[in-house]
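S.K.: Sequence:
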Amino acid sequence: MTKLKAGDHAPDFSLPDAGGNTVSLAGFKGKPLVLVFNRYVGCPVCQMTTVELTRAAPEFERAGVALAIVFQSSPERLAAFAQRQGQGAALLGDPEGRSYAAYGVEASLAGYLAPGNLPVLFRAVRQGYGHGAFEGRETQQPAAFVIDGNGQIRQAHYGRNITDLPDPNVLLSEARALGASQAA
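Residue numbers for the sequence shown follow numbering that gives the first Met the number 0, beginning at 0 and rising by one.
Be a bit skeptical, because a hint or two may be false.
Capping the alpha-carbon separation at 30 Å, the derived lysine-lysine pairs in DSS-like fashion look like this [to be verified]:
no.	residue 1	residue 2
1	Lys2	Lys28
2	Lys30	Lys2
3	Lys30	Lys4
4	Lys4	Lys28
Between beta-carbon pairs, the in silico distance windows are [to be verified]:
no.	residue 1	residue 2	range
5	Asp11	Gly129	27 to 37 Å
6	Asn116	Gly96	17 to 27 Å
7	Gly127	Asp166	15 to 25 Å
8	Ser13	Arg136	12 to 22 Å
Note that these hints are calculated values from the structure, not bench results.
Note that CB positions come from ideal geometry on N, CA and C, so glycine has one too.
Generate the whole structure from the sequences, applying the supplied hints.
M.R.: Right, dumping it as structure tokens:
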């Protein structure tokens with residue numbers, strides 16, 4: 000599986016969102032996008048990171064940047080999660096993993112078993128995020144991409160373990176810099 004890097008053209012995708020609408024990369028044309036790949040909505044760490052990202056969604060919006068989060072989850076489970084947690088980003092379902100493959104987002108047993116995952120998992124559980132239904136590949140790693148309005152990847156981050164996603168503030172900073180450069 001080939002990993003994408005800054006300068007590569009972002010592969011198109013067409014995925015259902017939590018409301019049942021189809022969302023594609025082409026729908027973001029002309030607007031920068033932060034595209035995050037998570038595991039599935041039953042994962043406590045994924046729930047926590049998604050809530051952290053969606054809390055920052057108004058800042059992304061003010062910066063003129065769209066935010067979309069892809070899960071290996073079914074549309075029904077996405078809808079239930081969105082109803083419980085609220086929505087500040089496009090929550091997209093890809094239970095077959097086609098967009099994960101297109102973006103080179105891999106699964107890794109070593110990344111799944113990495114000892115560094117435990118403190119993050121404990122933090123998620125302490126914050127009240129419980130484990131829900133298992134979906135997709137349990138060993139799926141996360142990733143995050145900052146994509147400009149022309150569909151070019153400006154930043155690519157591939158998780159080294161299942162908890163390795165950039166902090167929302169880092170993604171927001173990269174998005175703001177991109178928004179400013181595109182406005183100039």
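S.K.: I'd like to know which numbered hints this structure contradicts. Please list them from smallest to largest.
M.R.: Of the numbered hints, all hold.
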